[in-house]
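Enquirer: Okay, here's what each chain looks like letter by letter:
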Amino acid sequence: MSKHSASVPSSAVAELSESTEYSDTFGKKVGVIWRRFSKNALAVAGLFILVILYTLAVFAPLIAPYPEAGDPNADIFMIDLPPNTASYRVILFDDEDFKSYVVFEPVRGQAYYRDVDQNRYPADAAFLAKAKAGGSYLQDEQGNPVLFTPNFMGRDELGRDVFSRILYASRISLTIGFVSVGISILIGVVWGCVAGYYGGIIDNIMMRIVDGIMCIPTFLLLVTVMSIGRPSIFKVMVVLGLTGWTGISRFVRAEFLSLMKRDFVEAAKCVGAKDRRIIFRHVLPNAMGPIIVAATMGVAGAILSESGLSFFGLGVQPPAASWGNMLTNAQELNTMIRAPWKAFYPGLMIFITVLSYNFMGDGLRDALDPRLKNS
Amino acid sequence: MSDLIEISHLKKHFPLKREWFVREQLSVKAVDDVSFSIKSGETLGVVGESGCGKSTLGRAIIRLHEPTSGSVVFDGVDVAKLSKEEMRVKRKDMQLIFQDPFSSLNPRQTVGTIIGEPLEIHLKLTAAERKARVEELLKLVGLSPYHLRRYPHEFSGGQRQRISIARAMALNPRFVVCDESVSALDVSIQAQVINLFMDLQEKLGLTYLFISHDLSVVKHISDRIMVMYLGKTMELAGSDELFANPLHPYTQALLQAVPVADPHRKVERLLLVGDVPSPINPPSGCVFHTRCPKAMDRCKAEVPEFKEASLGHWTACHLY
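Sequence order for the protein chains is A and B. First residue of the first sequence? That's 1 in the working numbering, and the numbers climb one at a time after it. First residue of the second sequence? That's 376 in the working numbering, and the numbers climb one at a time after it.
Please note: incorrect hints may appear among the correct ones.
As the list claims (entries may be wrong) - Using 35 Å as the maximum straight-line C-alpha spacing, the simulated DSBU-like pairs for lysine-lysine come out as follows: (1) A/K274 - B/K459; (2) A/K269 - B/K594; (3) B/K641 - B/K414; (4) B/K594 - A/K261; (5) B/K465 - A/K29; (6) B/K682 - B/K669; (7) A/K28 - B/K467; (8) B/K514 - A/K269; (9) A/K274 - B/K392; (10) B/K414 - B/K514.
Said to hold, decoys possible - One side only, chain A facing chain B, incomplete, derived with CB under 8 Å: (11) S232; (12) F264; (13) A267; (14) K269; (15) C270; (16) V271; (17) G272; (18) A273; (19) P285; (20) N286; (21) D366; (22) P370; (23) R371.
Simulated from the structure, these hints should not be mistaken for lab results. Backbone N, C-alpha and C fix where the C-beta goes; we use that ideal spot for every residue, glycine too.
Construct the entire structure; sequences and hints are all you get.
Expert: Take a look at the structure:
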């Protein structure tokens, strides 16, 4: 009747007091974290993009229109072919001779054709008309011209389809990022925990070891390890993982040193908690923020380190592709001007991956912190 | 009533980093040769300026700081000599309530988890039993059972301190050290929490070591009061006796510094000059002689003995 006679619904009160457990079960905790995570649009977008990227990587052989190494017979005609160019073979009766050409018709811009010797001629309207009218297309069974498209990311310097190579490369680049950071986090967190928790002389020795490892130039070590035996993707991951943990261990140690002085840790000692409980229940959960941030940054670092190695020919071995070696292959100024798509797409992929990891990491960090529940 | 806890010659020195070319090892003498005992069911207040070693004393007794030397006999057992594991088990009888309720609760745990933790560590209870006990404790400290799924940041300072108290009471301790437990709270909340302490003492038969710099709070709650200065005990007497008849010049100065809500009251204040000397290199003889208005030559040379000046009224001063 009256709008103002609102009372607390008794069912709500009952719900609050009838919960059977005073702390949430694991499943419920995950639910709460997910609910908070899902409120952060950027983080969800990051997660969504990463899921897509990993799915594409897993199904790369099914999705990629061309093989990773390309098709040498066909590709020879399509070196540095710009994206979205229709191309087809045509045989013309020219100067009393049959000659085979590949004709390129970009969506915008000047059409041209090549002969078998790779000589390039501008294709004027007269030529195109002649090709379509008098020439005979190389035809498939239905009588359509054989097209070498789609190539919406263009072709590289060996005529290979950039899109297909991006897909295959994502398998390597995403794995390197994930696995090497996983190794780093594991070692770094354990090392930092022990150093920060026990402190004193143990801390001193452990941190001097970290300083020592930090003094080793990672890149030279990578080069050395790669040149022993055959370079392989697993070596890259392991070496990046084994050298990348020092920064994380310092973060974790610093967090431990400050958290160990907090009253709630002393209170836990005071009620008789063992070391393991103090570390895993009290200190580590409060140190998650910097660890997650370091991990997301580390993924980017690992992908870029791999590209550096590939630059020296010590990373992923051709013809296998990684975003790093695709990028380094396209780094000359000449290439950047003439065929920018070769650098643009791998760069874009690294950019998207790193950004997605960072957004997701930020969201995860905030979702794990109950103090930020309502913000 | 018998003594529940007896502390004799307790020292806690924090060694400083040894400097080059300095022969001796310097240390901060935070608690220096303190002896006293607390009866079962009694509240002993400890007062003194900042840095006089009150908190260190409390923490050394329950071994959050390892005592440098001396003994803490609790219920016939010297806890200062127990092994780490024996002490861990013993902790269920002795608890500490911290000063700052904003840092003494883990921000990532629910109230239920925080209060349930001591139960989880020391008792083998089923989840339902534990929950029942946690609810009981929440009621005991004046909170509602439905608070147990909430996080500490959702509570006010006073409520947080109640949570902290509930955690300390979870295992039915016999001895509780309250380390400035009300200083961080508003005055109105202070009164509530102090009353809670007194109620709990009555209900559970607790023994308190109540550390504070607020003399009026200490007077209200304590049976006996101990005055500390530079890590040493200056005076120890019954609460009323100490306020009525302070013997030590330091206690006299301290009591005169207590503000009284009477604008017309004119008293001659015994003002202390100078600062508290460094506890690294305390003055010779009586540590208070540098600021004492009644200092004699003897005070500089001889350490005064902590002796019983009248029945139950102990002081460390050459005047008595």
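Enquirer: Classify the hint on A/N286 as holds or violated, based on whether any CB of chain B lies nearer than 8 Å to its CB.
Expert: holds, 6 Å
Enquirer: Is the hint on A/A273 kept, meaning its closest Cβ partner in chain B is under 8 Å away?
Expert: holds, 6 Å
Enquirer: Quick check on A/D366 please, does its C-beta sit within 8 Å of some C-beta on chain B?
Expert: This hint is violated: A/D366 lies away from chain B, its Cβ roughly 13 Å from the closest one there, beyond 8 Å.
Enquirer: Can you verify the interface hint for A/G272: is its Cβ closer than 8 Å to any Cβ in chain B?
Expert: holds, 4 Å
Enquirer: Against chain B, is A/P370 within 8 Å by beta-carbon distance?
Expert: holds, 4 Å
Enquirer: Hint validation: A/V271 versus chain B, beta carbon distance must be below 8 Å. Holds or violated?
Expert: Constraint on A/V271 satisfied, holds at 4 Å.
Enquirer: Given the proposed pairing of B/K414 with B/K514, does the C-alpha separation stay at or below 35 Å?
Expert: holds, 28 Å
Enquirer: Is it true that the CA of B/K682 sits at most 35 Å from the CA of B/K669?
Expert: holds, 19 Å
Enquirer: Quickly compare the C-alpha distance for B/K514 and A/K269 to 35 Å and report which way the hint goes.
Expert: holds, 25 Å
Enquirer: Quick one, is the A/K269 hint okay against chain B at 8 Å, beta carbons?
Expert: holds, 7 Å
Enquirer: Interface hint check: A/F264, Cβ to nearest Cβ on chain B, cutoff 8 Å. Holds or violated?
Expert: holds, 4 Å
Enquirer: Decide if the proposed pair is consistent with the structure: A/K28 and B/K467, CA atoms, cutoff 35 Å inclusive.
Expert: OK: A/K28 and B/K467 at ~31 Å, within 35 Å.
Violated hints, listed in ascending order, are 3, 11 and 21; each of the other numbered hints is respected by the structure.
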